[in-house]
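Note that the protein sequences, when read in sequence, are chains A and Z. Oh and the first sequence: position 111 is 111 in my numbering, straight run, nothing missing. Oh and the second sequence: position 171 is 171 in my numbering, straight run, nothing missing.
Hints may be right or wrong, so weigh each one.
On the chain Z side, residues computed to face chain A include the following (Cβ under 7 Å) [to be verified]:
1) Val-16
2) Ile-19
3) His-52
4) Gly-63
5) Lys-64
6) Leu-66
7) Gly-69
8) Arg-85
9) Thr-112
10) Gly-116
11) Lys-118
12) Met-139
It is worth saying that the hints were derived from the structure and are not from the lab. No residue lacks a Cβ here, since even glycine has one placed at the ideal position from N, Cα and C.
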Amino acid sequence: MKREIIVASLKARPVRTIVSVLAVTLEVMLILVVVGLTTGIRDETGRRMEGVGADIMFQPPNSSMFLALNNANMPVAIGDKIAEIEGVRAVSPVQTLVNSQGGSLEILYGIDPETFDAVTGGFLWHRGKMFSAPEEVVVDDWYARAKTVDVGDEVELLARKFKVSGIVEHGKGARLFVSIKTAQEMTGSINRTSLFFVRLEDSANTAAMIKRLDETFPTYPARDMRELASLMTSSSIPMLDAFINTVVFVAVCIGVLVIFLSMYTTITERTREIGILRSLGASKAFIVGMIFQESVFVCVIGAAIGVVGSFMVARLVQAMFPTLVVLITGGWVARAVVFAVASGILGSIYPSIKAAAQDPVEALAYE
Amino acid sequence: MKPILETVDLRKTYKVGKIEVEALRGVSIKIGAGELAAIMGPSGCGKSTLMHLLGAMAQATSGKALIEGQDIASMNDSERTEVRRRKIGFVFQKFNLLPALTAGANIAVARTIHSGHKVYGDDPHLTELLELLMIQDKMDRKPSELSGGEQQRVAIARAVVNRPAIVLADEPTGSLDSRNSEIVLNMFRELNRKFKQTIILVTHNPELAAYTDRLIEMRDGVVKSDNGDHISWDISGEMATAGL
Ligand SMILES: Nc1ncnc2c1ncn2[C@@H]1O[C@H](COP(=O)(O)OP(=O)(O)OP(=O)(O)O)[C@@H](O)[C@H]1O
Ligand SMILES: [Mg+2]
Numbered sequence: 001m002k003r004e005i006i007v008a009s010l011k012a013r014p015v016r017t018i019v020s021v022l023a024v025t026l027e028v029m030l031i032l033v034v035v036g037l038t039t040g041i042r043d044e045t046g047r048r049m050e051g052v053g054a055d056i057m058f059q060p061p062n063s064s065m066f067l068a069l070n071n072a073n074m075p076v077a078i079g080d081k082i083a084e085i086e087g088v089r090a091v092s093p094v095q096t097l098v099n100s101q102g103g104s105l106e107i108l109y110g111i112d113p114e115t116f117d118a119v120t121g122g123f124l125w126h127r128g129k130m131f132s133a134p135e136e137v138v139v140d141d142w143y144a145r146a147k148t149v150d151v152g153d154e155v156e157l158l159a160r161k162f163k164v165s166g167i168v169e170h171g172k173g174a175r176l177f178v179s180i181k182t183a184q185e186m187t188g189s190i191n192r193t194s195l196f197f198v199r200l201e202d203s204a205n206t207a208a209m210i211k212r213l214d215e216t217f218p219t220y221p222a223r224d225m226r227e228l229a230s231l232m233t234s235s236s237i238p239m240l241d242a243f244i245n246t247v248v249f250v251a252v253c254i255g256v257l258v259i260f261l262s263m264y265t266t267i268t269e270r271t272r273e274i275g276i277l278r279s280l281g282a283s284k285a286f287i288v289g290m291i292f293q294e295s296v297f298v299c300v301i302g303a304a305i306g307v308v309g310s311f312m313v314a315r316l317v318q319a320m321f322p323t324l325v326v327l328i329t330g331g332w333v334a335r336a337v338v339f340a341v342a343s344g345i346l347g348s349i350y351p352s353i354k355a356a357a358q359d360p361v362e363a364l365a366y367e
Numbered sequence: 001m002k003p004i005l006e007t008v009d010l011r012k013t014y015k016v017g018k019i020e021v022e023a024l025r026g027v028s029i030k031i032g033a034g035e036l037a038a039i040m041g042p043s044g045c046g047k048s049t050l051m052h053l054l055g056a057m058a059q060a061t062s063g064k065a066l067i068e069g070q071d072i073a074s075m076n077d078s079e080r081t082e083v084r085r086r087k088i089g090f091v092f093q094k095f096n097l098l099p100a101l102t103a104g105a106n107i108a109v110a111r112t113i114h115s116g117h118k119v120y121g122d123d124p125h126l127t128e129l130l131e132l133l134m135i136q137d138k139m140d141r142k143p144s145e146l147s148g149g150e151q152q153r154v155a156i157a158r159a160v161v162n163r164p165a166i167v168l169a170d171e172p173t174g175s176l177d178s179r180n181s182e183i184v185l186n187m188f189r190e191l192n193r194k195f196k197q198t199i200i201l202v203t204h205n206p207e208l209a210a211y212t213d214r215l216i217e218m219r220d221g222v223v224k225s226d227n228g229d230h231i232s233w234d235i236s237g238e239m240a241t242a243g244l
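Just chain A, same shape as in the assembly (with noise of 0.2 Å):
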């Protein structure tokens, strides 16, 4: 009976009925889409990672697992040293530099292509051919699709024009390759580099390589390009998790206060509604319990839209976006509902205790 009223209660008033159901599927929409576009980069950054098919990743001192952040360097030197070490089959060095032109943030990999290919096995050509010029750039078919480019024509990169010579299959750690004395020249220092991918015979030896790498360079992050991987894809990061905080805590903010409001407002109207429920002798814990239900009502069917909503939403962002990824995980979808569900809870805890605690005899005679 209480559903009847309930129904009855959000028919009548369509308009604040479809504000509150959508403030909640822009609350869920908020959290899945956010979260799942950067768990989605993360992940994919952390696949790319896996995909270079290296062993190691052996970098300079004060270094940080994320590329993107690094600008120090070692001497190119250093890879001949570990490629002595027995059980190394290959070692190729890599200058990364850091493309932040037109709103997002690239990593271009300076390689030398010959130790490139003998440690990753080679790129998976859809189109044209390697560098053979300083002023040459080969880009993976995302980056293609994306940015509509294909074999010969120009790309800008850190304010420097490059001619596309070729479209790769994508998973080889960056999106953009050029070669390594270009990058070296870019960031002004020859013969260094910023890491080595190292490729074992044998990747069962990783552990004990590391070990070894760190004996021998006792500074040098020797890191398992494996755990490196499977960190980036399902461990938390400080900075990004903070930030997925934020978005939550706004997006449950939103709903918690369109609910209140709403219910608050809708009390106010229903005041003589409730007069009459409490003159036929139902009791505070029914006035709170159908304000209650009310709520999580509309947040129930703003949380589905919502979940459907940004399924569309992630499958848009794909279509325009192909570098982009939106990761929704079962997880994340059942948090979303929770929270919305929370955020009716929490909204309606005043609305529902202000409306029960009425006089019924001033609530009947409310106009």
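Please arrange chain Z with the ligands on chain A, whose structure you already have, making use of the hints.
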């Protein structure tokens, strides 16, 4: 006759800021089971206040109000809610139907609250009631799709459906034209006769006296005249233990 409702020196004082308004200044009445009683009196004499106290809608300042021997005058909110749920049916001047619900759903709400679980659908008592009130074919309509007289008859059905000990009607014809007033009053009389329903009506309309056997006149918060003075009451059981 057995009293179903009794008040003893019932008082109600409203505080408006620093001013105290004595709305009831010692009302003592007895209403018998199955009576149809009318309360009359000039505006502001305390009729509605008395109805609120008898209907367990408000707390008295002092005195007693016994319904079936139970003193409701000083009960707290949750106890009064329970009394309303189990024993009282209200009919208001302004109908007070839930506007978003159909007539049928309005009656169902009262049944659900009364029984504590969902009750919808037919019940011989309800069918009989709707026929008597001539609204059986109006159940799917919202209040806004009904005439005033029809709305008030739905409200009467809602008040009576749970067979309350007492039906309290505060100026039930106050918003109706004379033709509809007559219909509604006739229905109260029918309900009283057919179901032995105890009913207390408040009215300004002297013609209403013709419909009732019992007439209580109030003035300035007290009973001025009561044609039930001569009734001899069987005081027994709970009423006696309540010290009356
Ligand atoms: N909530 C209130 N606060 C203060 N005074 C009140 C309140 N309700 C009623 N009164 C006062 O109590 C007195 C009795 O009011 P009541 O409503 O019981 O009269 P009534 O007989 O029903 O009048 P009417 O015929 O106009 O409906 C009046 O003087 C009124 O002003
Ligand atoms: Mg009145």
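Structure versus earlier hints - violations, ascending order:
1, 2, 4, 5, 6, 7, 10, 12
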